[in-house]
Amino acid sequence: MNHEEPLWEVFIRSRQGLDHKHVGSLHAADAPTAIENARDVYTRRMEGVSIWVVASRDIHASSPEDAASFYDPANDKIYRHPTFYDLPDEVKHM
Amino acid sequence: MTPMPEQEIFDGKVSREVKIEPRDWMPDNYRRTLIRQISQHAHSEIVGMLPEANWITRAPSLKRKVTLLAKVQDEAGHGLYLYAAAETLGISREEMTRQLLSGEAKYSSIFNYPTLTWADIGAIGWLVDGAAIMNQVPLCRASYGPYARAMIRICKEESFHQRQGFEILLTLCRGSEEQHNMAQDALNRWWWPSLMMFGPPDDASPHTAQSMQWKIKRFSNDELRQKFVDMCAQQVSVLGLRIPDDRLAWNETRGHYDFGEIDWEEFRNVLKGNGPCNRERMEDRISAYEEGSWVREAALAHAEKKKQPQTP
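Chains A and B, in that order, are what the protein sequence lines are. Quick note: the first sequence uses the working numbering, first residue 1, plus one each step. Quick note: the second sequence uses the working numbering, first residue 1, plus one each step.
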């Protein structure tokens, strides 16, 4: 048996209405313990109202080396932004 | 030799203040330097809990006791943030623990001094945490993302540590003559070891130039030490205590306080393991690890059992 406790990524919602945000990671034997540890490590001063933990091994990530080609499709599509369109000054609130 | 393209990308990011993240290419030596620095820092937080824990049961009031408990708990948290940051560089927690317990890894020499009186808890907060903050604030801008983020979190929490320490000393200094003397005695013992916390002088600090080029460090050891002396020389007058250095004097031309010679022989000796409490600290860490092993085993066994399908 592996004696190292698995690693968990911790996400915290700092207040109602906001997204959960990644704050760091920690080791714990299982998910309930990871949530309790996350409470003690990351919310000692009321920094959160909700905690998610995800086993780090279940995170799949894009590769930084491929960033240039990976994001290439969005790179030349300035027409997706509102400022691409010229309107006369008389048009308000658009 | 022309540099590799990865090296150019890395150098470009560092010079443009773009953070390096765990999966980005980085020079092996940058990785090694960070692992050494971050893990030493984590070990210091964990060992640093010991001298203060010594006074939890004997704090003079309930208020001081809850404060001290909260502070020591923060330090455990700081150790964990830092271990997690180091792990993103590819070293395991087990390996870092092994390095600490085998004596292979270093931790800050300051924690090898004893806490003899309650005033020492005040002196640690004011001086040791004060010196730590001085070191740590620039690390919030370190080029390695996970380290910088951990340091931001730590610095937010650290300020209360320094303030509560100063308040302890202030209370003692405004108390009886005996209490005032106790505060002075603590300052006498903690002053010089606190100055050593900034590390060897610049001309004897071989890694500084490279670390500054990599934007891990932003100021040299001597620059930070000078800032710390200037700060304390001001604050000590509020306490009505005296810094134990006959050569401490304001230098108009430099715009800084001059101060006396640090006993670097003592520093090297403590680092080598011969400080007053080195053995005790290591014994405490080793027994905590060994006596906690059944808890870790039980937690893993429980998690394993939970994974099995439940039989009705």
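Since the hints were derived computationally from the structure, they do not count as laboratory data. Every residue, glycine too, gets a C-beta built ideally from N, C-alpha and C. Do not rely on the hints blindly, as some may be mistaken.
These stretches of chain B come out as covered by chain A in the derived footprint (C-beta under 8 angstroms, 3 or more residues) [said to hold, decoys possible]: (1) 19-29; (2) 89-95; (3) 269-283; (4) 291-301.
Cross-check of the supplied hints:
| no. | hint | in the structure |
| --- | --- | --- |
| 1 | 19-29 | holds (count 4) |
| 2 | 89-95 | holds (count 3) |
| 3 | 269-283 | violated (count 0) |
| 4 | 291-301 | holds (count 4) |
Of the numbered hints listed earlier, the single one contradicted by the structure is hint 3.
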